[in-house]
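Engineer: The primary structure of each chain is shown beneath.
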Amino acid sequence: MRRGYDVFMAVLFAATVALMPVALYLIFVNAPEEKVMGAVQKIFYFHVPIAAVTFLSVFVLLAGATGYLWTRRAGWDHLSIASAEVGLVFCTLVLITGPIWAKPAWGVWWTWEAKLTTTLILWLLLAGILLSRAYASAPEQGARVAAVLGVVAALDVPIVYKAVDWWRGNHPIVFGAGKTNPLAPGMLSALLVSMLVFVLLYALLLAARMRLAALEDRLAALEDAAWRSQS
Amino acid sequence: MNDLHARPPGFFSAALIVARKDLRIEGRTKETLSATVLFALVELVVFGFAFDLDTIRRMGPGKVVPGLLWMTLAFSAIVGFTRSFRLERSREALIAVALAPIDRGAVYVGKWIANFALLLMLEAVLLPLTALFFDVNIVDVALPLALVVLLHTVGLAALGTLFAAVVSRLGRGEALLATLLLPAATPLFLSAVHCTASVLEATPLSADRKWLLLALGLDVLYVLVAILIFDAILEE
Numbered sequence: 001m002r003r004g005y006d007v008f009m010a011v012l013f014a015a016t017v018a019l020m021p022v023a024l025y026l027i028f029v030n031a032p033e034e035k036v037m038g039a040v041q042k043i044f045y046f047h048v049p050i051a052a053v054t055f056l057s058v059f060v061l062l063a064g065a066t067g068y069l070w071t072r073r074a075g076w077d078h079l080s081i082a083s084a085e086v087g088l089v090f091c092t093l094v095l096i097t098g099p100i101w102a103k104p105a106w107g108v109w110w111t112w113e114a115k116l117t118t119t120l121i122l123w124l125l126l127a128g129i130l131l132s133r134a135y136a137s138a139p140e141q142g143a144r145v146a147a148v149l150g151v152v153a154a155l156d157v158p159i160v161y162k163a164v165d166w167w168r169g170n171h172p173i174v175f176g177a178g179k180t181n182p183l184a185p186g187m188l189s190a191l192l193v194s195m196l197v198f199v200l201l202y203a204l205l206l207a208a209r210m211r212l213a214a215l216e217d218r219l220a221a222l223e224d225a226a227w228r229s230q231s
Numbered sequence: 001m002n003d004l005h006a007r008p009p010g011f012f013s014a015a016l017i018v019a020r021k022d023l024r025i026e027g028r029t030k031e032t033l034s035a036t037v038l039f040a041l042v043e044l045v046v047f048g049f050a051f052d053l054d055t056i057r058r059m060g061p062g063k064v065v066p067g068l069l070w071m072t073l074a075f076s077a078i079v080g081f082t083r084s085f086r087l088e089r090s091r092e093a094l095i096a097v098a099l100a101p102i103d104r105g106a107v108y109v110g111k112w113i114a115n116f117a118l119l120l121m122l123e124a125v126l127l128p129l130t131a132l133f134f135d136v137n138i139v140d141v142a143l144p145l146a147l148v149v150l151l152h153t154v155g156l157a158a159l160g161t162l163f164a165a166v167v168s169r170l171g172r173g174e175a176l177l178a179t180l181l182l183p184a185a186t187p188l189f190l191s192a193v194h195c196t197a198s199v200l201e202a203t204p205l206s207a208d209r210k211w212l213l214l215a216l217g218l219d220v221l222y223v224l225v226a227i228l229i230f231d232a233i234l235e236e
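Quick note, the sequences are listed as chains A and F, same order. With this note's numbering as the guide, the letters of the first sequence map in order to residues 1 to 231. With this note's numbering as the guide, the letters of the second sequence map in order to residues 1 to 236.
If you are wondering where the hints come from, they were derived from the structure by calculation, not from laboratory data. Please note that the accuracy of each hint is not assured.
To be verified - 27 Å max Cα-Cα, derived DSS-like pairs, lysine-lysine:
1. A/Lys103 to A/Lys162
2. A/Lys162 to F/Lys63
3. A/Lys162 to F/Lys210
4. F/Lys63 to F/Lys210
5. A/Lys115 to F/Lys63
6. F/Lys210 to A/Lys115
7. A/Lys42 to A/Lys103
8. A/Lys35 to A/Lys162
9. A/Lys35 to A/Lys103
10. A/Lys162 to A/Lys115
11. A/Lys103 to A/Lys115
12. A/Lys115 to A/Lys42
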């Protein structure tokens, strides 16, 4: 089990590290510079994959949380912890990279558009889950509370998106422009490789965090046993 | 409730027993209602200073007042929800509730019904006061307004009760409940404010069919999910 994990992590790590420079080359050297926005547009190759991974982590969170509520197996809870924490990190990056691009492109740092608002609400939901877990008096209680909040949060996110979309009316969709004039070939390959790198990085961080959670559990059990044998 | 049951009550009668118990305690102490109604009144006064009445009049009843009404209701409701599990927290009464030979989902449903009833009473005071303070006519639109408020109160009580149980389990209060509930209830509040605005502007409700369906869907979703997962919160 542990050997298999080590091999898996080594392969994942090697693939991520090897592909990162390739993605950077494709983004900064190979892909043509966008005519209107210039160099600013390069952040697109980071922002879009990070956002995709953030919303992928919502599905992973739903799986971990429902799996734990269903089976009460610690492994599902480790998945739930890892997806909430790593998801929060990626969500934070989305909220940082977005405005950096929005300011030169739209002229404002922030607008209350559906994608932005949903990301911000997701950030709050994930932070709330981590906060609640930290408040728990016992790890099992934290696991149950986080699973309950995780299920509600994950089910909520698509509804939040739809509701904010309706609320704002048919806002001119900035990214919709990409549909009519597709990306130049060099841009598309850069985006796809960058997407792959971020998915690999996400998987790597997720697996490492799950392993850490399992070790924390084991340490707690050992401490408990040691305390029992002394008294 | 007076006679000894030979066998445990079914799901709905158990839920009604829990709801009746909570409402009876509230009927005798009136603690939650007095706290939420007074807090709502204070909020309205604060909003009265924050938003100039002339500006509100000029913009029309659909612009500021619906948001203000639901904000007041949300904050007061949070105070009420937090109290709904406070009784059970003292002297470990929640363990006794958890040990009762009834479905734990029924405990949730009972609490939800009680919270829903308390919210309706709060709204019965809050709506006329808002209309009075901000010069909005609600008499002519009383029926559609009541429908909109009722529909969204169901969902608000459902999600609020579930999260209040979580917060109570963690030994925390209103601050954590607000942090968890307000973002999670975003779609419900958007729908509530939108529908209230159209009602106050005398738009027929049929124009908001998609919002009303969304609210109805959220009501059902929150209640069903909560019944399914409430067990995990009561567990020791």
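Engineer: Against this structure, judge whether each hint is valid.
Structural biologist: Status of the hints after comparison with the structure:
1. A/Lys103 to A/Lys162: holds, 25 Å
2. A/Lys162 to F/Lys63: holds, 22 Å
3. A/Lys162 to F/Lys210: holds, 11 Å
4. F/Lys63 to F/Lys210: holds, 20 Å
5. A/Lys115 to F/Lys63: Holds, because 24 Å separates the two Cα atoms, which is no more than 27 Å.
6. F/Lys210 to A/Lys115: Holds. F/Lys210 to A/Lys115 sits at ~20 Å (cutoff 27 Å).
7. A/Lys42 to A/Lys103: Roughly 14 Å separates the two Cα atoms, so the pair holds.
8. A/Lys35 to A/Lys162: violated, 33 Å
9. A/Lys35 to A/Lys103: Within the cut-off at roughly 17 Å; holds.
10. A/Lys162 to A/Lys115: OK: A/Lys162 and A/Lys115 at ~10 Å, within 27 Å.
11. A/Lys103 to A/Lys115: holds, 16 Å
12. A/Lys115 to A/Lys42: holds, 20 Å
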